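*Asks:* Sequence:
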Amino acid sequence: MGQGGLVAYVEAQIERDIALGRLHPSGQFGPEAKLAQRYGVCRGTIREALRRLAARGLVVQHPGRRTRAVALDESLTLENLGLALHDARNPDARWLLEGYFSLKRQVLVELLVDCCARASDLDLDRLGSTCFGLWDAARWEPGATCAQVEFALLRQAARVAGRPGHVLLVQSLQRAFLEGAAQLLPFLGGEALRQWATCARQALSERNVRALQQELPALLKACDELVLNAFAPAPQKPASPEAPCAQEVHVGAPVAATGQDDAVEPSSSEEGTGDRPTPASAQDETREARPCDAPLRVEESSLGGRDGRPPIPPLPPDNP
8 MGQGGLVAYV
18 EAQIERDIAL
28 GRLHPSGQFG
38 PEAKLAQRYG
48 VCRGTIREAL
58 RRLAARGLVV
68 QHPGRRTRAV
78 ALDESLTLEN
88 LGLALHDARN
98 PDARWLLEGY
108 FSLKRQVLVE
118 LLVDCCARAS
128 DLDLDRLGST
138 CFGLWDAARW
148 EPGATCAQVE
158 FALLRQAARV
168 AGRPGHVLLV
178 QSLQRAFLEG
188 AAQLLPFLGG
198 EALRQWATCA
208 RQALSERNVR
218 ALQQELPALL
228 KACDELVLNA
238 FAPAPQKPAS
248 PEAPCAQEVH
258 VGAPVAATGQ
268 DDAVEPSSSE
278 EGTGDRPTPA
288 SAQDETREAR
298 PCDAPLRVEE
308 SSLGGRDGRP
318 PIPPLPPDNP
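Using this note's numbering, the letters of the sequence shown correspond one by one to residues 8 to 327.
By construction, these hints were calculated from the structure, which means they are not laboratory data. Here the structure is a predicted model, which is why all the values come from computation and not from measurement. Note that CB positions come from ideal geometry on N, CA and C, so glycine has one too.
FRET-style restraints, in silico, Cβ to Cβ:
no.: 1; residue 1: Val216; residue 2: Ala78; range: 40 to 48 Å
no.: 2; residue 1: Val67; residue 2: His93; range: 18 to 26 Å
no.: 3; residue 1: Gln20; residue 2: Ser127; range: 45 to 53 Å
Under the rule of at most 20 Å between Cα atoms (straight-line distance), these lysine to aspartate or glutamate pairs were calculated in the EDC-like manner:
no.: 4; residue 1: Lys41; residue 2: Asp24
no.: 5; residue 1: Lys228; residue 2: Glu117
no.: 6; residue 1: Lys228; residue 2: Glu105
no.: 7; residue 1: Lys41; residue 2: Glu55
no.: 8; residue 1: Lys41; residue 2: Glu18
no.: 9; residue 1: Lys228; residue 2: Glu198
Could you put the whole structure together from the sequences, leaning on the hints where they help?
*Replies:* Here it is as structure tokens:
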């Protein structure tokens, strides 16, 4: 590995340590000698790596003072998008990527709509040829080539539409993606990319603004969702427990009144059989219907007969 490659490697390692919060809580780095020992390089390599990080706004250097890392919420810019992508499990990583893709979609749709309104037929034909080149790259070429052709389409559309500010914005979008989010390149391409490239080409050839504003954004979003889910899958919401069945019988629940009536009162077909003994099943149901803690009371009137006559005395014991 050459000196330039070694500096880039150490720069990436220090950037990763900053992103993952591995530095001292104060954000200050140690002496160059200690950093050189930690990363296994010479002090000159550490000095050059820190200088590059300072140029990107990730660290602050002052003469006579230790180098200090800048807080993430202050250093995170479009060009430094990769700073938030070191941990794909972090919800902020997907959130920032979603914002990046949303911005790129808005820029592309807005530029193509302007091209339909003011570009010549020759310019629209050239834009259509670039869309076909993107369709072909999505089928045969790797993701890095697809990204190059897509940003070429964005730059071309910005120039045709006469938007110099968008030319600069496209440059920043491209640098952020190819340098900061290079780990997404293998996920580009495929059928989803070919679909929106075909839609854009047909809409430009017909000057169909409605298709560009309604159909193209949905196809662009579907393509971006595939890339997002491949890199940082969306967290799945836990399934809500099913509601208990209304007819489920709970232990300890009171018996319904209708059930008590059915258990105690005889049916109409059994009228006139009140003197008969109660069947065993009906007795069990009656016991279940009666509260368990209610004491059994024996009324005095129950000792006598039903016609009011005195009770029959008990039999005397047998004589031996």
